[in-house]
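J.: Residue strings, one per chain:
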Amino acid sequence: MKSLEDLRRMREEALKKVNVREGDKDYRVVVGMATCGIAAGARPVLNRLVEEAAAKDYNCTITQTGCIGMCVYEPIVEVYGKDGAHTTYIHMDPDKAVRVLEEHIGQGHVVEEYTVNAARK
Amino acid sequence: MMEDLAMQMLEIIMNSVHAGAGSIEIRIVDSAAENLISMTVSDDGCGMNKALLQRVADPFTTTRETRRIGMGVPFMKGLTEQCGGRFSIRSRPGEGTILTATVQRDHIDTPPMGDLGEMMMNSIQANGDIDYDFHNRTDKGEFVFDTREAKEMLDGVSLLEPSILLWIRDYIREGVGSVNS
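If you're matching them up, the sequences are chains L and U in order. Numbered by this note's numbering, the letters in the first sequence go through residues 1 to 121 in order. Numbered by this note's numbering, the letters in the second sequence go through residues 122 to 302 in order.
If you are wondering where the hints come from, they were derived from the structure by calculation, not from laboratory data. Cβ atoms here follow ideal geometry from the backbone N, Cα and C, with glycine treated the same way. Check each hint, because a few of them may be wrong.
[Said to hold, decoys possible] Which bits of chain L does chain U cover? Going by a derived footprint, with three or more residues having C-beta under 8 Å, they are:
no., stretch
1, 1 to 10
2, 36 to 47
3, 52 to 65
[Claimed, not checked] Some chain U residues close to chain L (C-beta under 10 Å, calculated; not the full set):
no., residue
4, His139
5, Met274
6, Glu282
[Said to hold, decoys possible] Once the Cα atoms are required to be at most 25 Å apart in a straight line, the calculated BS3-like pairs of lysine-lysine come out as:
no., chain 1, residue 1, chain 2, residue 2
7, L, Lys121, L, Lys96
8, U, Lys272, L, Lys17
9, L, Lys56, L, Lys17
10, L, Lys17, L, Lys121
11, L, Lys16, L, Lys56
12, L, Lys16, L, Lys82
13, L, Lys56, U, Lys272
14, L, Lys96, L, Lys56
15, L, Lys2, U, Lys261
16, U, Lys198, L, Lys2
17, L, Lys16, U, Lys272
18, U, Lys171, U, Lys198
19, L, Lys56, L, Lys2
Start from the sequences and build out the full structure, keeping to the hints where you can.
T.: Structure below.
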């Protein structure tokens, strides 16, 4: 049985890592979770991203937002860098999302083929 | 229509987030004895004036700018009508909004409850600065989770830390399960 006290222990563990406080992470990963996103399959994408980020300790937060305004491209995942750079990934599924974590967050390379710019070419 | 009640509630909670709420209270009563499921979301966000309140159940009413249709409130209202329930919204500009939706628990069209742990995790992911106060009452007892208590324990470590988010999801699943069996 879990108890709120577990959070004290998790806090100690978290503090051994760097970048655990609000706003410290190098990247912000945002999933579109309005009705349009959810209908297109955003839920499994969001869940997989949180699980993978926790397991591999990626330097990012995984958050969610409402409608991004391009419902036809959902599920959409946006990656914001600390420098303000911003990449929009479209038609995501859990496996593609894991690849975005590995290559973009892990290695700093944009996965060009999944971006909205690639689709518009 | 959304597949479960938790996803419908998430839509309503997101409205509170977008209304600039600082705290959001979610109260669920799931009672076989009373044969009802009631869901209340209260916030201290910007609220709505009378004119907007009257139009809010219309799918073509939305304050968002990215598209011109909003389905959260119409879906929830439709659900209560379909499942022998009641629906109400009270709101005051500058004070906040209280939305209550009740359905008949054994109605054939009443969807399953869904994953309340995931619903709360997703709510925190929408904005980790908001205080969420979650109550789930059944005939067996009540489970409560308040992010203010969690933040106190975490003392500066963010709720948005992925491992903490997963812990919260699982803690709520477990707590809800403990008052359900």
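J.: Hint by hint, say whether it matches the structure.
T.: These are the hints, each one checked on the structure:
| no. | hint | result |
| --- | --- | --- |
| 1 | 1 to 10 | holds (count 8) |
| 2 | 36 to 47 | holds (count 5) |
| 3 | 52 to 65 | holds (count 8) |
| 4 | His139 | 7 Å, holds |
| 5 | Met274 | 4 Å, holds |
| 6 | Glu282 | 6 Å, holds |
| 7 | Lys121(L) / Lys96(L) | 20 Å, holds |
| 8 | Lys272(U) / Lys17(L) | 18 Å, holds |
| 9 | Lys56(L) / Lys17(L) | 12 Å, holds |
| 10 | Lys17(L) / Lys121(L) | 41 Å, violated |
| 11 | Lys16(L) / Lys56(L) | 15 Å, holds |
| 12 | Lys16(L) / Lys82(L) | 22 Å, holds |
| 13 | Lys56(L) / Lys272(U) | 24 Å, holds |
| 14 | Lys96(L) / Lys56(L) | 16 Å, holds |
| 15 | Lys2(L) / Lys261(U) | 19 Å, holds |
| 16 | Lys198(U) / Lys2(L) | 35 Å, violated |
| 17 | Lys16(L) / Lys272(U) | 18 Å, holds |
| 18 | Lys171(U) / Lys198(U) | 18 Å, holds |
| 19 | Lys56(L) / Lys2(L) | 23 Å, holds |
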